[in-house]
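**Student:** In case you want the letters, here they are:
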Amino acid sequence: MLSVQQVSGGYSGEAILKDISFQVEQGELFGVLGPNGSGKTTLLKMISGILPFQQGEILIRGKRLQEYGIKQLAQMVAVHSQHSSQSFSYTVKETVSLGRYAHQKGWFQTWSKEDEDIVQRVMDQTGISSFQNKNIQELSGGEKQRVFLAQALAQKPEILLLDEPTNHLDLSYQKELLDLLKLWTTENGLTVISIFHDLNLAGLYCDRLLLLEKGTININHIPNEVLREDRIRDVYHTKIQKHPHPKVAAPQMVLLPEVNRGTKVIEINETMLHVSNEFIDLRSPSPLRTMSSGVVGSGTGWHQSFVNRHVSKDYNCDDHRVEMASFLKSKGFEPSETVGMMTAVWLEDVAYQLLEQNNFSIFVVVTAGVGNAVDASKSEQHSLQLTPGTINTWIFVNGELTEEAFIQSIMTATEAKVKAMHDLMVLDEVTGTIATGTSTDSILIAASQTGKLLDFAGTITPLGKLISKAVYQCTTKAIQKSQQRKKT
Amino acid sequence: MQRLSILKFLNNKYVAYGLAGIFLFISILLGISIGSVPVPMLTIIQIISAKLFGGISLGSIDPMYSSIVLNIRLPRVILAGLVGAALAIAGAAFQGLLRNPLADPYTLGVSSGASVGAVLTLFFHLSIPFIGSFTLPLLSILFSFLTIFLVLAFARKIERSMRVETIILTGIIFSSFLGALISLMIALTGDELRQIIGWLLGSVSMRGWEYIKIILPFFIIGSAILIFNAKELNAMSFGEERAQHLGVNVQKRKLVILTAGSILTGAAVAVSGTIGFVGLVIPHLSRIIWGPDHRHLLPLSILTGSGFLILADLLSRTIISPTELPIGVITALIGAPVFALILLQRKRMERSG
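So the protein sequences, as listed, match chains A and B.
For any residue, its number in the numbering used here is found by taking its place in the first sequence, counting from 1, and adding 1381.
Position 49 of the second sequence, counting from 1, maps to 36 under the numbering used here, and the rest follow consecutively.
Extracted from the complex, chain A is given alone in its bound form (with noise of 0.2 angstroms):
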C-alpha cells in the first residue's frame, strides 16, 4: 500500500529525517513512536504531500509521491492533524462537506445524493450527527477533533494518516476513537498511520509500530518487540517498567516517578501485629506489594493493612467478598487498601516469628486448623465444599522481591507447610494418608520493596532459607496449638 524507501529530508536543507524506509500494507493499523523532534511530524507531512523530501521515493500503490495530483491525492490520502485554525465559524455540517471537495467534479461542483450520504454515515460514525448544525467555534476541544476526523473520513481515503489523534479526547472517546479506527482497517481495509504519544495506546491497538529516534528508524516490529524495557528507557531517556495488559496479550509501560514514597526503609514485626477473639490485624506504616490469595485483596497489589478475620465453623454467605468487605469496613479498614482472610480456628492460636538475616528479615504468622485437612495427591475423593478452615500464611518481608521471588516464596512456603503437616502426622480423614494442607489454605507474600534486593527465593537462597525455617516453624507451633484445644 505505502512504501517509504530511503527518504530523507526536513525544512529549509536541514535534514531531520534520514535514510528512513518501510512499507505499510493495507488494513494495516501503524503506529509511529518517538520523543519530542524526533522527525514523527515531519514524516507525516512527506506522506501527505506538504513536504517535499530531498532523498528517496515514496510509493503509494505503486506509483510515485511526486505523480499524484492534489485531487487525486487527497482521494487516496486523507489527514487529521492536531491543529486547526478557524477563524470563522462554519457549521458542523459544512465542515465535514469540506471533506467531499476532491471527489466533487465538472464547474459547478454539484452535490450529489452520494455525498450527503457519506457525509451523514461519517457524522454518525464519529458520534457528531447530534450538533451537526451547531458552530464549531462552540464546540469542545474533543468535539471538533472528532469532525475534523470526519472530515478526513468523508475524503473516503485508502490511508488515513492521523497525529496524534487522541490529543484532546477524554478517556471514553479515546477508546471508542481507536476502537472505530481499527474496525474500519479490520472491516473496510482501511490502512491507518498514526502518530501516538501514548505508548500503551499504541501497544494496545497497533499491529505495527515505528519507533523513531533523532531522525533514524530504532525499530520497526510488532508492539511487543518496540515495547522493551530497555530500548524506551534508551529513547525516551527515562524511567519506565513493562507490565503485561491483565485482558489484552498487549503490552504496557508504565512510568517510575522519581520521588519515592518508600524511601525510609521500614521493617515489619510483631509490634504491629495485634491479635483480638474477632480478627488479626497488621497495619504497615505504608503500603506493601502483596500476592495473595485472600477473600479480599487477592492477585497482586499494594496493601496496607491486613486482617485475619475469625468467622464460625459454620459460616455461610451468598457473596462472601461482599460480606468481608463491609466488615472490614466496619472495623475502619479500607478494603481496597486490605488483604482479609477467614479462619474458624482460635485466634489465639496464632504462631509469629521475626527472622533476621544480614540486611534484611521476615516476618511470618500463621494461624492453623486441621479439621479438613486434605491430601492433595488423593484430593479427588473428596467433594467439594469450601468451608472456612485452614492454614492462613502471612509472610512479610522486609526487602525488595522480584517478580519471580514472590512466586518462589509461594513455592518454598507451601514445601515448608507440607513437612511440617507431614511430620505431625496429619491425616487425611477421608483417605487415611498423611495429608498435604487443608482444602481452603490461604497464603499472603508482602514486600516493602525498599531495601535489600533479593531476587530469588527457592529453597536454598538466603530468603528461601529463612521462609522454609520461620513456615516450618510457625505452622508447626500453630498445628500443635490447635490439636491441643481439641484434646481438652
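Be a bit skeptical, because a hint or two may be false.
Here are the simulated BS3-like pairs of lysine-lysine, each with C-alpha atoms no more than 25 angstroms apart in a straight line [as the list claims (entries may be wrong)]:
no., chain 1, residue 1, chain 2, residue 2
1, A, Lys1474, A, Lys1486
2, A, Lys1486, B, Lys334
3, A, Lys1452, B, Lys241
4, B, Lys334, B, Lys144
5, A, Lys1486, B, Lys144
6, A, Lys1537, A, Lys1525
7, A, Lys1515, B, Lys241
8, A, Lys1474, B, Lys0
9, B, Lys334, A, Lys1525
10, A, Lys1486, B, Lys241
11, A, Lys1515, A, Lys1494
12, A, Lys1444, B, Lys239
Here's a subset of chain A near chain B, in silico, CB distances under 10 angstroms, partners left out [to be verified]:
no., residue
13, Gly1480
14, Gln1536
15, Tyr1617
Just so you know, these hints were derived from the structure itself, not from any lab.
Built from N, CA and C at the ideal position, the CB exists for glycine as well.
On the provided structure of chain A, position chain B as indicated by the hints.
**Tutor:** Showing chain B alone in chain A's frame:
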C-alpha cells in the same frame, strides 16, 4: 425559541438573497430619489423602465426629472453600487484566504497601492497606447497586485505563521508609506490640493457613465473568478495545509484569488479613490447574518456592499448639503468602530478559548 425561528428564517438561502435584493433595490430608489431636487419614486421607475424597454411615453413627465435621473443620479448610484460591490467581495475573499476577519483592501494597504497607480496616471497624464481610458484602471490593478504581494511577503518574513495582527500591521506600514508617496507626488506637481484630497478620500460624484464603462468589465471578471473559487475559499479558511489535504491546489488558487481581489480593488480605486472599510464591514455583517460559506457569502456581499455604498453616498451628499462630504469619511465613521469591535471580539474569544 422565537429567536431560533428568526435565525432559521434568515438562514434560508432564498430568503437571504431576497432580503439582500430588496435592500439593494430600496437603496437604489432612495439614492436616485433624494437630493436637492427630490424625484418621486414612481417617476423614477417610469423613467427607467421607459429607457430600458422603450415604448412607454414620457410625455407626462417633466424632462428636468428625466435629465436628473438619467444623467446625474443614476450613473452616480450605479457607480457607487459597483464600487461598493467590488470592495465588499474583494474584502470577503481576502478575509477567507487569510483566515482573517480584519483583512480588507484598505487595511491590507492594497487600496493605497492602487491609489499610487491612479495618482501616477492622473497627475502625470499617462496613457498607454491602444487602451486609452483603461490605462487608469490597469495601472491601479497592477499596483494593487504588487502591493498585496509585497505586504504578504513582508508579513511572512516577520512571522511564518502570519498572525492576523502581523498582517494588519504590515498593511498599515505599507499604507502610510504609500500615502506619503502620494502626498509627495501631489506636492511636486503643485496641483489644486483640495480637489486631490477629495479624490483621495473617495468620491463617486460627477463621474458619469464614462467611469461605469471603466469599472464594469473588471468587476464582472473579478467577481466571476472569486465566485468560481468559493469552495476553495471555504477550504482555505481552515488553513492552507488542511486545504491541500482536502485536495485544493493551494498555490495556484491563492494566486488566482489574490489576482481577482487586486483586479476588483484596483478598478474600484481607479474610479472612486480610496474608500475604506466597505470590504471589512460588509463581509463581516453578512457572515454574522448568513454564515461563512463563501458560495453564498460572496454573492450576498455584492448585493449588500453595493446597497451600503449607495446609502453612504446618499448620506455624504445630503448630510451637510449643499456641501458634499467625501464618501470615505462616512464609511470610515462606520467602519473604524466596527473594526475595533471585531478586534475586541477576537481577543475575547482567544482568551476564553
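**Student:** Look at each hint and say if it fits the structure.
**Tutor:** These are the hints, each one checked on the structure:
Note on Lys1474(A) and Lys1486(A): the hinted pairing holds, with a Cα-Cα distance of about 20 angstroms set against a maximum of 25 angstroms. Using a Cα cut-off of 25 angstroms, the hinted pair Lys1486(A) and Lys334(B) is violated, with the two alpha carbons roughly 40 angstroms apart. Taking the CA atoms of Lys1452(A) and Lys241(B), the gap is about 16 angstroms. The hint holds against a cut of 25 angstroms. Simply put, Lys334(B) and Lys144(B) have alpha-carbon atoms about 24 angstroms apart, close enough for the 25 angstroms limit, and the pair holds.
The straight-line distance between the Cα atoms of Lys1486(A) and Lys144(B) is roughly 37 angstroms, outside the 25 angstroms bound, and the hint therefore fails. As the CA atoms of Lys1537(A) and Lys1525(A) are separated by approximately 19 angstroms, the hinted pair is consistent with the 25 angstroms bound. Between Lys1515(A) and Lys241(B), the direct Cα distance comes to roughly 29 angstroms. Violation of the 25 angstroms bound is thereby established for this hinted pair. For a cut-off of 25 angstroms, the pair hint linking Lys1474(A) to Lys0(B) stands: about 16 angstroms separates their Cα positions.
This hinted pair checks out: Lys334(B) and Lys1525(A) have alpha carbons roughly 20 angstroms apart, not beyond 25 angstroms. Distance check on the hinted pair: Lys1486(A) and Lys241(B) sit about 20 angstroms apart at the alpha-carbon level, within 25 angstroms; holds. Straight-line distance between C-alpha atoms of Lys1515(A) and Lys1494(A) comes to about 22 angstroms, which keeps the hinted pair within the 25 angstroms bound. Taking the CA atoms of Lys1444(A) and Lys239(B), the gap is near 24 angstroms; set against the 25 angstroms cutoff, the hint holds.
Nearest Cβ of chain B to the Cβ of Gly1480(A): about 7 angstroms, under the 10 angstroms cut. The hint holds. The restraint placing Gln1536(A) at the interface with chain B holds, with a minimum CB-CB distance near 7 angstroms, inside the 10 angstroms limit. A least Cβ separation of about 28 angstroms between Tyr1617(A) and chain B goes past the 10 angstroms threshold, and the interface hint is therefore violated.
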